[in-house]
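Engineer: Each chain is listed here by its residues.
Protein chains: 6
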Amino acid sequence: MFYTDGKLQYPVRVEKANPLFARALQQAIGGIEGEIRVAMQYFFQACGARGDPKFRDLLMNTAAEELGHIEMLATAVALNLEGAPLSLKEQVANDPISGAVLGGMNLKNLLSAGLSAMPVDSDGVPFDMSHIYASGNIAADMVANVAAESTGRALAVRLYEMTDDPGMKDMLSYLIARDTMHQNQWLAAIEELGGGQGVFPIPNSFPQDQEQQEFSYAFLGFQQDGSDPVAGRWSQGTSIDGKGSFKAGSIMPMGEKPQLAPAKPRGGAQKEQM
Amino acid sequence: MFYTDGKLQYPVRVEKANPLFARALQQAIGGIEGEIRVAMQYFFQACGARGDPKFRDLLMNTAAEELGHIEMLATAVALNLEGAPLSLKEQVANDPISGAVLGGMNLKNLLSAGLSAMPVDSDGVPFDMSHIYASGNIAADMVANVAAESTGRALAVRLYEMTDDPGMKDMLSYLIARDTMHQNQWLAAIEELGGGQGVFPIPNSFPQDQEQQEFSYAFLGFQQDGSDPVAGRWSQGTSIDGKGSFKAGSIMPMGEKPQLAPAKPRGGAQKEQM
Amino acid sequence: MFYTDGKLQYPVRVEKANPLFARALQQAIGGIEGEIRVAMQYFFQACGARGDPKFRDLLMNTAAEELGHIEMLATAVALNLEGAPLSLKEQVANDPISGAVLGGMNLKNLLSAGLSAMPVDSDGVPFDMSHIYASGNIAADMVANVAAESTGRALAVRLYEMTDDPGMKDMLSYLIARDTMHQNQWLAAIEELGGGQGVFPIPNSFPQDQEQQEFSYAFLGFQQDGSDPVAGRWSQGTSIDGKGSFKAGSIMPMGEKPQLAPAKPRGGAQKEQM
Amino acid sequence: MFYTDGKLQYPVRVEKANPLFARALQQAIGGIEGEIRVAMQYFFQACGARGDPKFRDLLMNTAAEELGHIEMLATAVALNLEGAPLSLKEQVANDPISGAVLGGMNLKNLLSAGLSAMPVDSDGVPFDMSHIYASGNIAADMVANVAAESTGRALAVRLYEMTDDPGMKDMLSYLIARDTMHQNQWLAAIEELGGGQGVFPIPNSFPQDQEQQEFSYAFLGFQQDGSDPVAGRWSQGTSIDGKGSFKAGSIMPMGEKPQLAPAKPRGGAQKEQM
Amino acid sequence: MFYTDGKLQYPVRVEKANPLFARALQQAIGGIEGEIRVAMQYFFQACGARGDPKFRDLLMNTAAEELGHIEMLATAVALNLEGAPLSLKEQVANDPISGAVLGGMNLKNLLSAGLSAMPVDSDGVPFDMSHIYASGNIAADMVANVAAESTGRALAVRLYEMTDDPGMKDMLSYLIARDTMHQNQWLAAIEELGGGQGVFPIPNSFPQDQEQQEFSYAFLGFQQDGSDPVAGRWSQGTSIDGKGSFKAGSIMPMGEKPQLAPAKPRGGAQKEQM
Amino acid sequence: MFYTDGKLQYPVRVEKANPLFARALQQAIGGIEGEIRVAMQYFFQACGARGDPKFRDLLMNTAAEELGHIEMLATAVALNLEGAPLSLKEQVANDPISGAVLGGMNLKNLLSAGLSAMPVDSDGVPFDMSHIYASGNIAADMVANVAAESTGRALAVRLYEMTDDPGMKDMLSYLIARDTMHQNQWLAAIEELGGGQGVFPIPNSFPQDQEQQEFSYAFLGFQQDGSDPVAGRWSQGTSIDGKGSFKAGSIMPMGEKPQLAPAKPRGGAQKEQM
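Residue numbers (the working numbering), protein chains in the order written: chain A, 217 to 490; chain B, 217 to 490; chain C, 217 to 490; chain D, 217 to 490; chain E, 217 to 490; chain F, 217 to 490.
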């Protein structure tokens, strides 16, 4: 169950409303690296967590935090949009040189939402909930969460660099810090689950003698001229999961050209295919 | 540039065609954990890789491999679909007991593709290329790749458990092995990039003294009753990135209820909002 | 800001796990009438509410409730999925007559989520956040909310009729009651905003003398034979907003066939179009 | 069956082509408040209308009208796009000061459609037919239609305010009038169906003694501190449907933390979850 | 402008309601080969047609026809759904052997639409209007229309083969005939536009001396071993557009490995990329 | 199986980086006429090709080519983005007159991809793999391919006209030439399949005596006033497939207003519908 107090986790202040920056902030709400994604991802992972209940608690707790981040950003977007003109005439009056404000906005923020935030990204594309990765495998989920917080912090840093507004910089410096924590938090959860050698390969419950082990630690090359692929840590030494040794080499097809049966007589193909 | 020889990377054999398993295999083609996703993700990461060119080469090489995996799976789907009835009458004739084959298929595989594979998931939902994570940050990309291969291997394991067909089990045991390698491969790339303490927090180029460091390693609790959140590795000890110490505690709102300006006079709101 | 206690708003009990009913319940999570929709819709309406702050409070309060409903339903889905077979073999063993369980499920619940709930509808289609209607007009939002709760209650009733599980019926009888309240709640908000004659036409801030008033209360007929359209309350009497009188009649085109300029010489059209 | 005469319902005139306004008009074609939505929504509601056939006739008649509105707007978009430059060079030549026309357009209108309208919104996002609400419940459909026409009129008003072109203002004053009528028309249909007390709660066919009536008219508070939620018409007095009395209070969880079974042994989870 | 008479273009009769066939028919409504697609495609092509107005008339006339086909199919879906059970209990009672009807349906047809048609395909995926191809090039549009009617007729044939219901077979034999006509109709339009040698390459307005003509009629081989690609009409003889001669050969890369600049210092990349 | 050499099929050179042109080029990557579409379309058609294997080889060969075109364009996008400012301040410094660069970009190219290409169109909308037309009918596939290359060449021509950069013009002149070839190539395949009279109507395997032949070559008019539809090649003479003669005339409905059964008692409708 969720509760609210209607207040903001951290102050949101905009000194000079900037509709173009409102558009950029939308990426942090409805982009694939945004806050809806992490809030809902942690929420659904929590709802499906099987095994030790502490992971459910951990996930649901942070889901609650991320909901508050959407709220902060939606407020920031609305405040930045207060500088938008409502008409082409007003635009030219306010901004005789560039005349580009309306063109640079997500117009839906004005036309569809009346100068409010929307669950869309910085190009106005709505968030699609297929981006909620909740796999039923707790370790895979934790890796997905590190990934989400990594792209999320890269985005927050880019927004921080984009703006000069002190209020916005302050808010973003807070969100960047939270992303630092959340990267570490999910890495810590991986450590609790056994660390690299305990966790990988994910899922660790599949008996590896049932996979084609000849190929389990082989770095295969797909270079047109049959040369070896680029060397690196991935081509020699003990594998990161500690269960094999890397080797490298080029590949040859082990299968032939596939042969499908002819098309069925009444299946809508051309008669030449039958 | 890409080249082909039209052959399969590994043999694809179906002993008893099973249209329901064809539907399940579609998840490995067009699901968010599927092969289109990794092929295109590595491809776009390669195209945008800035810095040491070895990462571009590494990524593009494995993109080529994954294209071959789509080809293998698409062949497996087509072969499994060869057992599908084309009519409700034929269905009942072939399968008097269950009568459920047509109902259990993705009907589009029959109606739209004529018993072939499609770039859709196991419920017929087309793959959406927004799932291609290519962030411009090479470390974030590598973490996203570990995540993709983790959910990918979980999926391959589930498919392996679902089928009894020896040919399909053989093919999947190969794909599972490749996922083992690819998890290790991207983890090895993270090691080359500096390992956990060199890489995190991602991006490592942002000066941490510009984030609100008081909150960078704090595990905040959002429990309704103000109690501490669930303890674990994430609440004490050195942070995983080695740059701070975890602490824990409950949170209080630092901001107030937000106040937006009244609606503009001619902006399509109700007059009571102005 | 949001808080949680990890508990369920109302008990969720499944006596006999039924994977097909799990699929049906997904509609109440990720369908367009589902709980993600209302939770996020009230949340975004709250974040953008301008004018009297009581509407922000009202909306955010109920957003918190709806988040708890997603949690209840996600739990119900996971419990119902515990009856699913993991293999085609297991399926036939458990269910020799129908053999239809796997075919009738959203396969993604098994393959992608490991027997957990997902933010998708009953056919496995992910929820698309464009369904969050938050218009910046508080009255339009309230009408959209009545609409959402109306389709939502119709869905809950259909689920109630579909199942025989006493636990599920109990949970749904609670959710149906909440939908009753929420329909009334948003209707009450419309009453506070002035009721039918104060609120309509939405937005009430546009001066009606600037619309083509001849057509503001005319029920126009588009019958091929020029006959009058079907009569009803909409064709006579005072209009519902109290600002006009209904009249009816067939229409004739007031415009001509449109004429566009020829294609530009170097714009990618055929030369015959230029 | 549908017929056409190729003419416009109302004249469409553009005095000074403005590609940015063309982009804004796209919202009225392919936005969620746009004309494709209402045309197709009334059409599908008509096709599925069960019960008194007058509602089918009413809906199909207005579907025909809305098709004509798409036609008007598509013409307006094409005419406004006739001012667009085809090259960056031409842009600078025509518009030395702002140089922003191409950047402010939906580029697809030029690149993909050759200066024509498309079924996309003002940010170039294609219309998704999941927005066609046709529930099989005639009252829910009518409420959804009032909602559609309310956001639709808000949009038309915003477009009216945005433009200075007399032709466009004239066209929009007509469309605004039609939205006034359509709001009233669907409200009139609700009156024919019994008005507020006859229609609500929707569906009115579910026996209310089967819902958890203790919660049917209770305004529940989800405030973190347990305080009462914001008071209003929704917290006291007779309910709007006339079937209960509003009451208010804070909520306590009635359920416990959910407990799912451990993960199945061969289901792709980590072994720690089993 | 559009008009209606509410009648069906051709009789729609269902002798034995079959919910699974209703699902299949949904592909002909909301599939990419379905009637929404052609209706809206011809409509938008008409609205954007520049040049000789006869093409606008031709397109809008057939758009009206296709709207009537959606209506026929939506009726057929609703009639077929009348055989669906509303509960799992009713299902078992009616259908003791298979028990598969609910599992084989698009559940949304029941849960979301109350046994009516929806603008979705046979797997419940909503139609996405990005499939409306209207390019601003009249010849490209006509080819796209031939393509649409070709896949459309293949679909109608598959539906015809799937069903045994005489009413459905009758309706489909009509729709198949109309698809025959429409394929021919758009081919006839191509003939009016100049036929193969006049029309191709599309667009015919681009001066071919500005393309890299060495590659305009060369069938390039991308075989890994450098061998010639498969021979056929495409590798020798006069080109189909009459403007060149086919030749064939394998390709070598003409460009080098691409080199991007290092990442910018404050752009969210890792410092190793800078 | 696929191989790579990491090199570009044709040189990609940008003399003056232009972020707005980067946005335009995105349409050629992730637009519906773009290279992802053709690469994946030919790939999936190849994987499902039944009948003479030469078509599989032809399709897979060209799929490999198109993958290389995505690579070229992604490189071109990244190079053009190198001119983008990272901050609003930098923007004004570099571009004091227009200040429109950031507003005119797809912001995701900066915020989400760090100045790299993405699989999105010119308005930032991700490519949706439902655009992969692979029908199981080889002739329908070939027509779809001609259509794809026709809109693709129109797009390339528009991009060629838009830019003044000599490097970009050179690259596009190559891609335009390849589109010329590919249009001809798929037309040549149609000729191999029997040409217009052998191939049409597609599918040619359906016995035409089972369609309602009275309507197979009739150009029906849907004019509101019952007049004949616009005359042309489509209304007289031998049909293009050589199997009938065109005729023309207006239509009358052959069916009545449809009648659905009343709503079921417990199906979530209003009681007035039952």
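Do not rely on the hints blindly, as some may be mistaken.
With a straight-line Cα cutoff of 30 angstroms, these simulated DSBU-like cross-link-like pairs (lysine-lysine) come out [to be verified]:
1. B:487 / A:305
2. C:232 / F:270
3. B:232 / A:480
4. E:305 / D:480
Quick caveat, the hints were computed from the structure, so don't treat them as lab data.
Engineer: All the hints need checking, so say for each whether the structure fits it.
Structural biologist: Right, here's what the structure says about each hint:
1. Using a Cα cut-off of 30 angstroms, the hinted pair residue 487 (chain B) and residue 305 (chain A) holds, with the two alpha carbons roughly 23 angstroms apart.
2. At most 30 angstroms may separate the alpha-carbon atoms for a hinted pair to count; residue 232 (chain C) and residue 270 (chain F) exceed this at roughly 54 angstroms.
3. Using a Cα cut-off of 30 angstroms, the hinted pair residue 232 (chain B) and residue 480 (chain A) holds, with the two alpha carbons roughly 18 angstroms apart.
4. The straight-line distance between the Cα atoms of residue 305 (chain E) and residue 480 (chain D) is roughly 28 angstroms, inside the 30 angstroms bound, and the hint therefore holds.
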